[in-house]
Amino acid sequence: MDQTNRIALDGAAIQEMREANETRAAFCRFLASLYLYELTDEQIEAFAHIEIAGDGTAIDEGLRAIKEYLRHRHGGTRQELAVDYARVFLGAGSYDRILAPPYESVFTSEERILMQDARDGAVTYYRRGGLDLPADNTTPEDHLGFELQFAAVLADRANEALDGDDAVSLADAVSLADAVSLARSFFVHHQQNWLPALCEAVDEFAETDFYRGVAQMTRGYVESEAAFFDEVAAALSLGAAVDEIRPAWDGACEGTPSAAEGAVAS
Numbered sequence: 001m002d003q004t005n006r007i008a009l010d011g012a013a014i015q016e017m018r019e020a021n022e023t024r025a026a027f028c029r030f031l032a033s034l035y036l037y038e039l040t041d042e043q044i045e046a047f048a049h050i051e052i053a054g055d056g057t058a059i060d061e062g063l064r065a066i067k068e069y070l071r072h073r074h075g076g077t078r079q080e081l082a083v084d085y086a087r088v089f090l091g092a093g094s095y096d097r098i099l100a101p102p103y104e105s106v107f108t109s110e111e112r113i114l115m116q117d118a119r120d121g122a123v124t125y126y127r128r129g130g131l132d133l134p135a136d137n138t139t140p141e142d143h144l145g146f147e148l149q150f151a152a153v154l155a156d157r158a159n160e161a162l163d164g165d166d167a168v169s170l171a172d173a174v175s176l177a178d179a180v181s182l183a184r185s186f187f188v189h190h191q192q193n194w195l196p197a198l199c200e201a202v203d204e205f206a207e208t209d210f211y212r213g214v215a216q217m218t219r220g221y222v223e224s225e226a227a228f229f230d231e232v233a234a235a236l237s238l239g240a241a242v243d244e245i246r247p248a249w250d251g252a253c254e255g256t257p258s259a260a261e262g263a264v265a266s
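Using this note's numbering, the letters of the sequence shown map in sequence onto residues 1 to 266.
Since the hints were derived computationally from the structure, they do not count as laboratory data.
Here the structure is a predicted model, which means the values were calculated and not measured.
List time: in silico EDC-like cross-link candidates among lysine to aspartate or glutamate, alpha-carbon distance up to 16 angstroms:
hint : residue 1 : residue 2
1    : LYS67     : ASP209
2    : LYS67     : ASP41
3    : LYS67     : GLU42
4    : LYS67     : GLU45
Can you build the whole structure from these sequences, using the hints too?
If you want it as structure tokens, here you go:
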């Protein structure tokens with residue numbers, strides 16, 4: 001990145017990007033938890049009292065639907081949501097398929113099965129970022145929860161390069177561009193390409209407005225991330241093309257680090 005590109009990042013732009021990355025990282029981790037785990041009683045109560053921004057975004061609409069559903073909560077609400085979560089995302093009670101599996105491979109492979117090219121691609125991105133899942137992980141790496149956690153890590157990493165208030169050094173500018181480029185490529189090739197289809201499946205098969213609200217928030221995530229990357233790519237002169245990082249198979253992914261170098265999920 002040259003001096004001309006760095007001029008666009010003045011103090012106001014740095015602060016705006018920092019705040020955007022903080023918000024993005026927090027929302028990614030929040031959304032990841034909804035796909036990885038069943039809700040606790042504490043989470044249900046928190047959702048019931050959440051403030052709605054009223055900005056008309058898909059995220060806002062999803063939260064509104066969730067809050068309206070929980071307005072009628074009762075002693076069996078947690079169990080009702082647990083049953084819906086298990087049926088939709090884990091395939092409980094379905095003998096032939098998982099209704100809305102939160103795995104990229106299922107939505108991007110012709111066979112609609114787990115552990116396909118999308119899983120290998122996701123692992124390649126994680127490792128390009130110096131991260132990996134714990135050695136004892138048994139969940140396919142292209143689970144949406146893991147992908148969202150990875151996006152959060154990259155948002156944090158971008159902010160690490162924005163530690164000055166008024167200027168970004170050449171080294172930090174390069175680190176920022178690298179983090180944003182990796183995050184943008186991952187979003188385009190491993191989230192934007194399949195999340196709309198997942199949301200449609202959740203809408204079709206979920207029995208509670210809560211999880212239909214989660215699907216709507218996920219649509220909002222895709223919309224907001226697309227807008228963010230369009231804006232920041234222009235600011236950093238990254239160009240319109242978004243190259244995909246592909247595995248270089250010679251027995252292992254290119255640049256494979258040890259699991260000790262980091263973890264996508266704790």
